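Residue numbers (my numbering), protein chains in the order written: chain A, 12 to 823; chain B, 353 to 674.
DMTMM-like, lysine to aspartate or glutamate: derived pairs with alpha carbons at most 25 Å apart:
hint: 1; chain 1: B; residue 1: Lys378; chain 2: A; residue 2: Asp299
hint: 2; chain 1: A; residue 1: Lys337; chain 2: B; residue 2: Asp635
hint: 3; chain 1: B; residue 1: Lys638; chain 2: A; residue 2: Glu344
hint: 4; chain 1: B; residue 1: Lys378; chain 2: A; residue 2: Asp819
hint: 5; chain 1: B; residue 1: Lys629; chain 2: A; residue 2: Glu344
hint: 6; chain 1: B; residue 1: Lys392; chain 2: A; residue 2: Asp40
hint: 7; chain 1: A; residue 1: Lys343; chain 2: B; residue 2: Glu382
hint: 8; chain 1: B; residue 1: Lys638; chain 2: A; residue 2: Glu29
hint: 9; chain 1: B; residue 1: Lys619; chain 2: A; residue 2: Asp40
hint: 10; chain 1: A; residue 1: Lys341; chain 2: B; residue 2: Asp363
hint: 11; chain 1: A; residue 1: Lys499; chain 2: A; residue 2: Asp512
hint: 12; chain 1: B; residue 1: Lys378; chain 2: A; residue 2: Glu454
hint: 13; chain 1: B; residue 1: Lys378; chain 2: A; residue 2: Asp151
hint: 14; chain 1: A; residue 1: Lys99; chain 2: A; residue 2: Asp517
hint: 15; chain 1: B; residue 1: Lys579; chain 2: A; residue 2: Asp819
hint: 16; chain 1: A; residue 1: Lys103; chain 2: A; residue 2: Glu232
hint: 17; chain 1: B; residue 1: Lys391; chain 2: A; residue 2: Glu29
hint: 18; chain 1: B; residue 1: Lys629; chain 2: A; residue 2: Glu38
hint: 19; chain 1: A; residue 1: Lys337; chain 2: B; residue 2: Glu361
hint: 20; chain 1: B; residue 1: Lys391; chain 2: B; residue 2: Glu670
Just so you know, the hints here were simulated from the structure itself, not pulled from any lab data. Just so you know, these numbers come straight off a predicted model, no measurement behind them.
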Amino acid sequence: MAATGISTEHNSVANLFESLNYGPAPEADNVAKAWLEDHGRDFGHFIAGKWYKPSDERKKYETKSPSTGEVLTATIQGNSEDVDLAVKAARKAFQSWSTLSPHVRARHLYSIARHVQKHQRLVSVIESMDNGKPIRETRDADIPLVVRHFYHHAGWAQLMETEMRGWKPIGVVGAIVPWNFPLMLLTWKICPALAMGNTVVLKPATYTRLTALLLAEICSEAGLPPGVFNVVTGNGAFGGQLAAHPDVDKVAFTGSTEVGQVLRRSTAGTGKKLSLELGGKSPVVVFDTADLDSTVEGIVDAVWFNQGQVCSAGSRLLVHESVQEKLVNKLKERLTHFRVGDSLDKTIDLGAIVDESQRKTIADYVDSARQEGAEVYQASISIPCRGCFYPPTLITGVQTVSRVVVEEIFGPVLVVLPFRTAKEAISLANNTVYGLAGSVWTENISLAMEVAINIKAGAVWINSHNVFDAAAGFGGYKQSGYGRDGGKEGLYEYVRPTWEDRARLDAITDDVIKTFGSTLPPRPAVSDSSTSDVDTPSVDRTYKLYYGGAQKRPDGQYSRPISNPQGKVVGIVGESNRKDVRNAVEAAHKAAPGWGKRAAHNRAQIVYYMAENLEVRRDEISKRISSMTGKDLEQSYKEVDDSIQRLFHWGAYCDKYGGTVQVRHIYNCKRSCPDEYPLLGFISLFAPAVIRGNAVVVVPSEKYPLVALDFYQVFDTSDLPGGVVNILTGDRDHIVKYLAEHQDIQAMWYFGTGQGSKFVEYTSAENLKRTWVNYGTNRNWSDPEQGQGEEFLYHSIQVKNIWIPMGDIFAN
Amino acid sequence: MAARNPGIEYDETWIQNVYINLPAVKRRAETLGTRRTVKKQWQAAWLLRAVSCIDLTTLAGDDTPANVSRLCYKARNPIRSDLIKAVGMQDKGKLCLTTGAVCVYPSRIQDCAKALKACNGTKIPIASVATGFPAGQTPLKTRLEEIRQAVEDGAREIDIVINRTMALTGDWKGVYNEVRLMREACGEAHLKTILATGELGSMVNVYKASMVCMMAGADFIKTSTGKEGVNATLPVGLVMVRAIREYYQRTNYKVGFKPAGGIRTAKDACTWLSLMKEELGDDWTKPNLFRFGASSLLGDIERQIFHYVTGRYAAAHELPMA
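Okay, chain A solo, but in the shape it has when bound:
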């Protein structure tokens, strides 16, 4: 119990009968301590199924219990040799693990689930000691979710051949996880990775290494083959070394947005897959039709779960102005009942902050609010004098400009802002660079659904917050990252199409970043073929740009001649600059909401109509392809026919998978590579994005853009709303540069050069737009497997999960 110096008399049954005070209820730590002793309180890495301590004198890191300050054990600070050793072990294990039958992998995952369950109490205690979080949470939330994840993914392993047909494992996954849910979040990475046949090298966070090491030991006990799951410990730079290792095929990261950006830049252009689950500043939106008493408890779950150190913490309370005072008063009263204390005490609400540096960050934020003149409320409850604690905090009198409202605090701090209407609530909810989660509180189901759908976040809970399950993918939009952990949607982060091999490029160099896309528009040129031909010149064919449903003159008033293979100019196209990019993106944004709201059937009809209209112009467009590219006419006809078929393919998908909630994205498909398929490539890229409700800006083949421009007449005659597909022509790299740098584009597909791919990935880090690039490699667009595979759908959406706990019947 806390060192309060209370006399025995005071704690007599008779006195307690009068006071009805709570007393200490410590969870026993004897088994946990014995486990630490078993290892001599000195841990190495766990590589290839064995403990590994390098022979030389490595630096040690002492891990502490934040609740007590007590040193728990020494761990090792690894270096690049250790990374190399672990990655080699994982690579070796991959050869056999990836070729095991799915059923055998399922058995392994099932066995791990069982073994973790057997050691559930030990794991819970270690996690609580190491992190400072309440034993109640590790016991009731973290570890049950860990077990659940293994069981769930044992299922996916079993089902891989049927459910993930056409996909194969990636190779070695480098996983880097944070300290807030040390074991749970690493499980979110390794479960899908192992289920899909990959092997893993994991780096736990510096502060919290113990449960990762314990899990490695448990996996070994469960019979997991050596090298399939390896744990190496070290500092942040060491994590960077793991991510940068050339033989790591995928980096899976959960942590801060800043580090996520660093990883995006350092892996740009290397052909590694990357998924990022980053920060958040999630809104809790409370309407006057909410059950306010239950909302108060929901807010406790939202922002005071795990000391507020939760990426999906509901840290911004947006409340209907008419009930603001009532709700705030209820919250203040609720906070007087909070118990803060030793993480192993079973009767506390709030444990310790993970480290003194984090505690100071939180305190600085709250001080900044005080200096701004905000009202900071902290109930007068007892806080232990020893250990690293921060009281639950409620801040009112702040606005959208306040630092505590804008930035992620990652602590037990809630800010409150009022709103007037549902529309304003949505605007406030989305007025953030993050998009990880949110919750909506109202008993009006229509309102709840509308607001939930309009909050741009990967998980939205109705009348609840911070509910997790292995079957529901978790992840963000905007600067909260991309990729999903959990559910079928999470599996795609750990597979690649069976036909595709990983591109291996070197990391990006500075000169590419500086010089990419800085080109000058063309000047007049006298070509040999332009003078000698005929007496009567043909009518000049000058295409404009196409955005917002209309032809637009390029802002720079520069044009570019397009020649056929014989060097004859067959048309003139506009030369786009950054202002044209800006305008096209604006047009796309304008169109996106309405397009996304259209019934799927209506979107399908429009895509089929495009196919119909293309069929009408089959002869003309085939000839155009032929004259432009020099292909023979028969091949050109085939390309048009393939294109019609592809429109049917995506039209067909329009209204399928209706059960998956999707969030509309502004996608910008940049295509250039398929010069050999100027029409089919164009259609293959815009169609899957558009059918899923996105609006796109497309840059057609630089060499043969004319058929794409011809196609805007097809758009216009097919009732496609203006702004859904926008076309920019000109210098490919130049346009790509400004698209990649645009902060209001959510995703970018790039099919071009290796250098361009690197640039796109590198530059995307700034606003963390999701990217899909080809690293300069070609695909066969006429092959359905490569030109219309499931990966197009995967890249066209990010799954959003909306939770609606239901039920109103409790008795007769």
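Since the structure of chain A is provided, determine the placement of chain B on it from the hints.
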């Protein structure tokens, strides 16, 4: 001690715009018992507090002076005297530990009075159910008369059932008027209104019934008769105590709460006490504002106290049955 709740004029607006989200209520209910626990002497003290809040109850067709008398003696001596001595609760003078009340059918009140007198337990109030318990499907006139008779026979607390027909058909004013009359019929006796929540259909109705009874002057609101399909569950309790809090904030009157039916274990008792402490505060953890309607709960608590004192688990036959 604070003044009795005199009730207020019926105000329809207090039961309009009531929003209850059952899944969220259930979540709070489920986590109450995981967020709080008491061990060692704290646990012993809490359990003894729970004993002091029990309305030790027998409500059966075959009740006779024999078992009613045994119940009264047990209410007077709820925990074996050597165990009470061992935990240092023997010298509490007038605070000598008894249950909160004994609770019986009206026809057994006189048996109680006799038995309590015999065992020097006259301080223990006799609570009587009334008003056509448990269904309440008898004419208002006889229901009111039943109350008057019970008070005359020596009941100091009256547990009435509300009119579910009126509640389910939305006649809240009708419910109010009846309870108001029942309160008048009680006189000095305290009025506990049983909502029979298991028959009210929705948590919104539970909340409205709670509010209407308090407006009509209930001293306690009580979950159930013990005869409905669903009795005292934590979610129902949460909705009711939140209504009590709201009523207190609006009127400054403290109304008590009595969960009844289905509370059998010592652990349940601690969870309920936590619920009261967390949602309403310490004032609502004492017998003047909190009661358990229970018959078998006491036995389990006595076993736990035995264990606290001896470190061993008791055999049932080592403890005096009620």
